[in-house]
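For reference, the chains in residue letters:
Number of protein chains: 2
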Amino acid sequence: MKRWIAVDWGTTNFRAFLMQGNKCIERCAQGPGLLQIEQGSFEQELSRLLQPWFAQASYPIIMAGMVGSQQGWHEVPYVEAPCTFASLAEQAFSFTTRWASPVWIIPGVRCHSPYQQPDVMRGEEVQLAGLSAINGSARYQIILPGTHSKHVLIDNQSISHFSTYMTGELFALLSQHSILGRALPPQEYSLEVFHFAIELAQRKTPLSHQLFSARTYRLNKEIAEQHIHSYLSGLLIGAELVTCSTTQPIWCVGSPKLTENYAQAAKYLGINLQTIDGDECFIRGISHLYAHIAGEKP
Amino acid sequence: MKRWIAVDWGTTNFRAFLMQGNKCIERCAQGPGLLQIEQGSFEQELSRLLQPWFAQASYPIIMAGMVGSQQGWHEVPYVEAPCTFASLAEQAFSFTTRWASPVWIIPGVRCHSPYQQPDVMRGEEVQLAGLSAINGSARYQIILPGTHSKHVLIDNQSISHFSTYMTGELFALLSQHSILGRALPPQEYSLEVFHFAIELAQRKTPLSHQLFSARTYRLNKEIAEQHIHSYLSGLLIGAELVTCSTTQPIWCVGSPKLTENYAQAAKYLGINLQTIDGDECFIRGISHLYAHIAGEKP
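Residue numbers (full-length UniProt numbering), protein chains in the order written: chain P, 1 to 298; chain F, 1 to 298.
Same shape as in the complex, but just chain P:
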């Protein structure tokens, strides 16, 4: 089985997987995100990061994520949804490194969300390809939680449309830079407080009003100072999940820590959420895309 390298290169992190056929035989989970790399030095940086794997050969490299954005190494135009996974492989941007590795960058996807606003993803489409190879259903919904959480509809083995929720970024902003997070003691997770926030999120109070309750419940000592992050997390994840169907099962793809949080919220709301590891989906998805690129039967 031939070796190749899969790379997930995002704004704030770099992860690489040394692959043999469809199997990951080694990982490199540490590396600088795009924001830490100067324009013009992507190739040099990649060579340094992958050095341990270059003993004898110039392995093919398949990359996904913000590395294909305007601020990345090479801008790869978005593919318009609805789109098949095969079309992503076909529209990958290819070039060759100084050390003769063939490289492909998988394009991101854009669409109009069900709320009729433009939306984009870069990187998540690979996890979707992986889940699609695992789950044979014709039509299903997926949540990919994170800085910019994505809610996706897969229809007929294609990415139909999606919407981005700024859940993770809003949580970081509010807990680190706003009055709501000011002068907090070390935080402890409270499932009770998290559930209380999910309960409130169902009222559909305007979010910019509801968030202020993280201050007033604290002032009133109705929520303890060490549980404010649990409360904020519940309000924001709740605001996202109250838009979801309670009749259809929904997949949740991500790190175990994040998907566990979403599963807790979903359970409380009566949503049937099935979690799956994001790395597993990424590896499965990028193998599928590579097989297509390499002309092998997936």
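Hints should not be assumed to be uniformly reliable.
One copy or any two copies: either way a pair holds, since identical chains are not told apart in the list.
Unchecked claim - Below, simulated EDC-like cross-link-like pairs (lysine to aspartate or glutamate); rule was C-alpha separation at most 20 Å, straight line:
id	residue 1	residue 2
1	Lys23	Asp277
2	Lys257	Asp277
3	Lys221	Glu75
4	Lys221	Glu80
5	Lys221	Glu188
6	Lys267	Glu199
7	Lys257	Glu188
8	Lys221	Glu199
9	Lys257	Glu75
10	Lys204	Glu43
Hint data in this document are derived by calculation from the structure and do not stem from the laboratory.
Given the coordinates of chain P, work out where chain F should sit on it, guided by the hints.
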């Protein structure tokens, strides 16, 4: 006419007014907010700030704002709404400075908002007292835009209830610290883009999804890079104003620059918004409260 001093001391700013009866004869608009003052040095700082006005007398000082909060000089318990303005004067916290000035700190107000969540204000109650002295109507709504915008119902010359929207703080967080504000050129105000955002705000798209459109419209070049602040401002003010009645007139109390923005949004939404200067309301309100404290007929 006797002289006295009115002080509005908030988290990030200090403003003082030298008064003669109901008339402001001098202003001091520069001074450090509470966050810049160490606990225990409020008195010394106040003495330094008011020095120019202390030539011959120890004038009475009436203060309002976060100076009465837990993080302020003296914590003054909130008065529970519904409450009259007279009750605020009656529950002012009084003490005497080293230089023999009698001081009163006006309490803030707390309530449960119409969305059934706890809410608080400190400082705005003085502007409300001022507007109430100007506007004789029995029942009306008021918006006080700002970092934490307040929507208030006055009923029978009392503060009935209110809700806080984190409009100003969310705008600052998103424009300064989020991906939406990253690498923007100097901003220009665009009324067209502001209106476009107000139009979208009416769709009641979940806010954490809608905000992401500031990124995607920029990526798609449908909104110019120099108009992103106008767009964000429109989305956030819009999300606040779509909750308002279009059949009843509403007052808007604040700085001319802020109230003008709200007036533009309100006009677009068919809301009858009447703007009034926040300083004028503050001076009128604190005079009213001081007259009550001093036992004079307001």
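Which numbered conditions among the earlier hints are violated in the structure presented, ordered from lowest to highest?
Of the numbered hints, 9, 10 do not hold.
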